[in-house]
Structures are given as C-alpha cells and as structure tokens.
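Order-wise, the sequence lines are chains A and B. The first sequence: position 113 = 112 (numbering that gives the first Met the number 0), numbered continuously. The second sequence: position 334 = 333 (numbering that gives the first Met the number 0), numbered continuously.
Where hints are given, some of them may not hold.
A short list of chain A residues far from chain B (calculated; beta carbon distances all over 10 Å) [said to hold, decoys possible]:
| # | residue |
| --- | --- |
| 1 | 24 |
| 2 | 150 |
| 3 | 159 |
| 4 | 167 |
| 5 | 184 |
| 6 | 285 |
Heads up, incomplete: computed chain A residues facing chain B, CB under 10 Å, no partners named [to be verified]:
| # | residue |
| --- | --- |
| 7 | 61 |
| 8 | 112 |
| 9 | 132 |
| 10 | 135 |
| 11 | 168 |
| 12 | 233 |
| 13 | 237 |
Hints in this document: simulated from the structure, not taken from any laboratory. Don't be surprised by glycine CBs; every beta carbon is placed ideally from N, CA and C.
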Amino acid sequence: MVRGAGATFPAPLYEAWVAAYRAVAPQLRLNYQAVGSGAGLRQVFDGTTDFAASDVALTDEQVARAGRPLLHVPLTLGVVAVAFHVPTVGPLDLAPDVLADAYLGVVTRWDDPRIAATNPGVTLPSLPIVPVYRSDGSGSTAIFSEYLARRHEAFAARIGRGTQVRFGLGVGAKGNDGVTTQIQTTPGALGYVELLYARHGHLTTARLRNAAGLWVAPSNGGATAAAAATDRALGERHPEDLRVSLVDGPGDDAYPLSAYSFVLVPEEFSAGGEAKGRALAGFLWWALHEGQKVAPSLDYAALPIATVTRAEARLRLLRAGDHRLLDPPPSP
Amino acid sequence: MTSRASAPPPFSTIGRRRWAGWLRVGPEVNGGDAFFRFSTASVTVVATGLLVVLGIGLFVSSRGTFGRQGLGFLVGPTWAPVHGVFGALPFAYGTLVTSGLALFLAVPVALGVAIFLAELSPRWMRGPVGLLVELSAAVPSIVYGLWGVAVLVPWLREVAEPALQRGLGWVPVFRGVPVGNGLLAAALILSLMVLPTIAAVSRDVLRAVPTGLKEGALALGATRWEMLRMVALPHARTGLLGAVLLGLGRALGEAMAVTMVIGNNPRIAASLFEPSSTMAAILANQFGEAHGPHLEALAALAFLLFILTVALNVAARLLVGRGWGQPKAEARFLFPRAP
C-alpha cells in the first residue's frame, strides 16, 4: 500500500490516475490524502507517508528541514485565475500594478481610470472593490503574491510573498471553494482561485499581462506554454532539481500565474521497502507519460515534453540501497 | 471489626475509615463497592487530568513564542507570519467583541424565553416549544456558518448595514463600506448559536426553584412579576450565571461558523462592519500549514484561549460566592468558610 498526502489541487487527477493505472498494474494499491501541502510535507519529512504533493517547490529552508534528499517530480501544472464579480461587465484586462494597488487599498473602485485605461469601451460601474484572498496557507497565494511582488515594490514590502502573506485589507476565505463562494456572493469582489474552481463556479476571469507584455487569459494551454518557454529560456541553467518558478515567466503564450504541481519522493527509498518503491516509481513513470494524455480531459494541464524529459531524469535517481528503482529488478 | 491477625491490606478501605490527606475515602462495606469507588475515581482523575495535560501541552508547544516575546505577545497589535511578526491583540479584540456583543444580544432574549417557558406560558405549550429550543442548540455549527454565508451576510450587506449607517452613521462603530462579512455578522451568528443553550439551561434552572417558595410569595399577594423578581430569579441567580457562562464558552470557542462570516482579516477593526478575526477562527485557518515560529505562535493563541475559558469559569464561581446553593463536597473545598 503506497501512501501519499498533500495538496488538494491535484487530488482529483491523482485519483483518476490511480483508477486508470489499475488496468496496467492491478497489484498496486495507492492511497492519497488531500490534507494540504503543509501537512503533507510534514508527513514526508517525518517519514509517515511515502510521498507528498505540493503546489510550490520547497524553499532552501524546507530542504534543510527535510533532513534527507527529496526528489521533485512535476506531474501537472497549476493555473491560478484572477476572478471578480462585477455585474454587467464581462472579462477585463487587469494590469499587475492595478491589481497590487487594489489589494493595497490605493485603487478602491471599479471605475478607477487605471482600470478603464486597459479596458477601453467598457462601462465600469462605480462599485467599491472588495479584495478577497485565502485565509489559510496556500500555493495559490504564493503564486499570486509572487507575481505582484515582482511587479510592484510596495506590494512586496507591505504584503510580502509566500503561502501566507499579510493582505491587511479585504476579506479572507478558507480554501479555493471559500474564495469562490465569497466572490460569487459579493458584488465588487476581486480574488484569485485555481482555474478549475473559477470554471466550475462560473466566475468571470481577467486577462493578465505576461512578461512579454501580452494579455493572456487563464488556461491550461497557457500554463504548458509557460513551462515550455521557461525551459527553453533557462536551457543549461535550468535547475536540475526542477525547483523552478514559472511565475511571470517568458513566452508569448505564457500565462503568468502558472506553477508546477510536484510530487516529493525521498530519493533513498529503503525505509519504505524496495517493492513499494518500485511500484511507486512505476506509477510515477506512467503518470509522466500515459497520464499526461488523460490529464486534459479532466481539465488539468499537461506537461511539455521538455519537462517530462527532465522529470524522467529525476525519477531515475530513485533508489533503494544500490538498486535504481526504475531498472528491472536484479534476478535472484 | 476485623481482628489484627487477619487485617485487610493497608490500602484497602473495606470496613475501615481511611483518609487521603484531608479527604475521607472510607469505609466501604465490601470489595465490590471498593472496586466501584476505585474505578470511578480513576476515571475522574483521567478526565480532569486531561484538562491539565492539555494545558501543559499547549504551553510547552508555545514556549518559543513566549521565550522570544514574553508577555509582549499578548498586546502585540500585528499578526504577519510572512514578516515573522506575531501578536495576539487583534484576535483577543475580535474574540471579546464578537462574544461580548453576542451575549449582549442573546442573554436578554434567552432569559425572556426561559421565563416564558418556565412560568408564563400555557402548560400545553411548554413541551413542544421547549423541545424546539433544545433542538436549535443541537444544530451543527457548520450549518449555522453556511446559513450565515448564504442568507445573513447578503442581508447585512444589502439591507441591515446600510440602514444602520443611514440612521447611526455618526457612531464610529458603524462607519466603513458594508461588505457583509465582519464583526457584526460574526456576533449575530454567535448570538443565534448561544441563545438556545442559555435559554434551555435557564429554563431548567427556573423550573428547579422550589414551588413552595414561589407559591408563598404569591400567597402573600405578590404579582407574577414581583414573585419572579423577588423570589424566583434571586434563587436561580447562580444557575442563570452558569447558563450564561455556558453560552459564553460556546461563543469563545466557535471556529467554523465564525470563520465563514467574519472575513478573516487579522486586524483591530474600529467598525463593526469591517472584517476581523478571532482566536478560534485563526486557529482553524492557519494551523494546517503552519510550522516553526508561526506554529508556536498559534499554539500560544490556543493556550490563551484555554486559559481565558478556564479563568472565566473559575472567576464566575468565585464571584457568586454562595457555591451552588446547596452545600456539596466540592463547595466545602472551594469555600472552606461556612456560607
């Protein structure tokens, strides 16, 4: 029985994969608990779970706290959409400095000239902006705050960047579902949620300006393009351990609020047992290849080929003692 | 009496008077009773010991915060984990304001319900209505929270808060843009949640007032109201305070319903319309993902909430002074001087 725990975002995808993988390897039993990235990381650090899932790469401080090397294996991409609720208005183009100032309380109404400047021809009501954010620690907050912090100094200084930042103004709601409900029920609300939730909640989303200066709508394709472009741009300098941020990355089609969704596995898997390690390695390999074909039908972004190649290299490092877990088992 | 030759073992309480300190623990008539006493005593020790263990565990987890900041943590006005700054004041403020306002709104209504059900209503009504009141106390908090999000918050935002601003906008607590979520929403939800608890317990307390006392007052010519004011309510005073404390305890600890309507913004809000946070709500939100100094600060908040609840209960008992009316074994220890 392979056990995993972590982020709620990829949970439906992992469950679908486990069900599909049963046709390939019926003997694997895998149980994934969507308890949140923080709890998942704690469990994999302690060794009480076999792998963790996180929407954010480990910081250096967390790598040190883990005690033993953990492999980052990206399996899909998270897309954070900026959503809002302004009656009578459709999708808008919102510039990062305007977003930052909305959360700082500088831009207070939807008919502010700076919003009208990027949306010519749209009649904006004089509705007060109600910033909405995640009250619990969240990878979405990390992605969103990273984007705004890079583009706006005052945001970086006052609010900060990370899974839990100090917004100071507005309403906090718990979980992606909480933020979605808050935006749905509050006229004038402006917030950030995973694209899946925005779609299912029928929220109006905004187009954002990416690093290339182009307006891009949130989509899985935009995330895949962001990953591919970052890979190309970094080339040789791409970190081997795949701890790279895709936020505000290069690429004309890149959507700025994208991030890898990782699985974290201990590189040295003896503690879990070699048989279990082989089963897990086989599943992860399948997820990187066949699984990617299934992901779009479930509304999840597929990894670009370049990322799959790098992830394969990481997976090959998985070992128990001297045996590489992806190689065929030694004959008795 | 047993002879010395076949004296029971030293710890036995069978047939002998024994003391543990000043507490008399014997005699028991037979082994079965002795075992019964032992097992119920052990269970009591475990149950009360859990309380102590909980308190100690919380304190130990929060050592780091108190070591770094000392008592300054209690009055720190800023909570910003991203900058490494932790202070409990915003949550103490939010907790006290929401619970205080909730009690202020709920207690008069609950007392009215209790008096009506215990004294003034037709007898055929007391059973069904009493049951309804008790049932409302059993509704899970998450249901109140969902109702708050779906009904109360929009109503506050569209109807109630603008009306309050129009009429009383000069008062500082009614300023600001009505969002719906905020201290007022949390206080209203809490008052709805504690109302049935206080009402049900108060009604039972009033019913327990000896009929002879009440009839004596009526026989002497008192009106219903005079009987209540001069006989029933004073007699039930301590029990009523206990009912209010039960309600306060529920209000202080309520996390789920509050976090859904209060806006979860850790700051001291001047206006009741503004989002804020309480100790229970912030714990519900941030405990899962916290680690390091952040986790220690949250444990410190939990410890504070624990101490606050315990201290409130103890203070109320001491304030009342007369114990629970009838001398009981525990009252002799709490109030050694005769009442």
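Can the hint on residue 61(A) be confirmed by a CB-to-CB distance to chain B that is less than 10 Å?
Where the cut-off is 10 Å and the nearest Cβ of chain B is about 9 Å from residue 61(A), the hint holds.
Hey, does residue 184(A) actually stay past 10 Å from chain B on C-beta?
6 Å, violated
If we take the beta carbon of residue 24(A), is the closest beta carbon in chain B still more than 10 Å away?
32 Å, holds
For the restraint on residue 168(A), tell me whether the closest CB of chain B is nearer than 10 Å.
7 Å, holds
At a threshold of 10 Å, is the proposed contact between residue 132(A) and chain B supported by beta-carbon distances?
9 Å, holds
Quick check on the hint: residue 135(A) CB to chain B CB, less than 10 Å?
Holds. Min distance 5 Å.
Verify this label for me: residue 285(A) is non-interface relative to chain B, using a Cβ-Cβ cutoff of 10 Å.
30 Å, holds
Would the non-interface assignment of residue 159(A) survive a Cβ cutoff of 10 Å against chain B?
Answer for residue 159(A): violated, closest chain B Cβ roughly 4 Å.
Quick check for students: does the CB of residue 150(A) sit more than 10 Å from each CB in chain B?
Holds, since 18 Å exceeds 10 Å.
Are all beta-carbon distances from residue 167(A) to chain B longer than 10 Å?
7 Å, violated
Please check whether residue 112(A) passes as an interface residue: C-beta within 10 Å of a C-beta belonging to chain B.
Check failed: Cβ of residue 112(A) comes no nearer than 20 Å to chain B, outside 10 Å.
For the hint on residue 233(A), just tell me whether its beta-carbon gets within less than 10 Å of chain B.
With Cβ-Cβ at 27 Å, over 10 Å, it is violated.
Hints 3, 4, 5, 8, 12, 13 from the earlier list are contradicted by this structure; the remaining hints agree with it.
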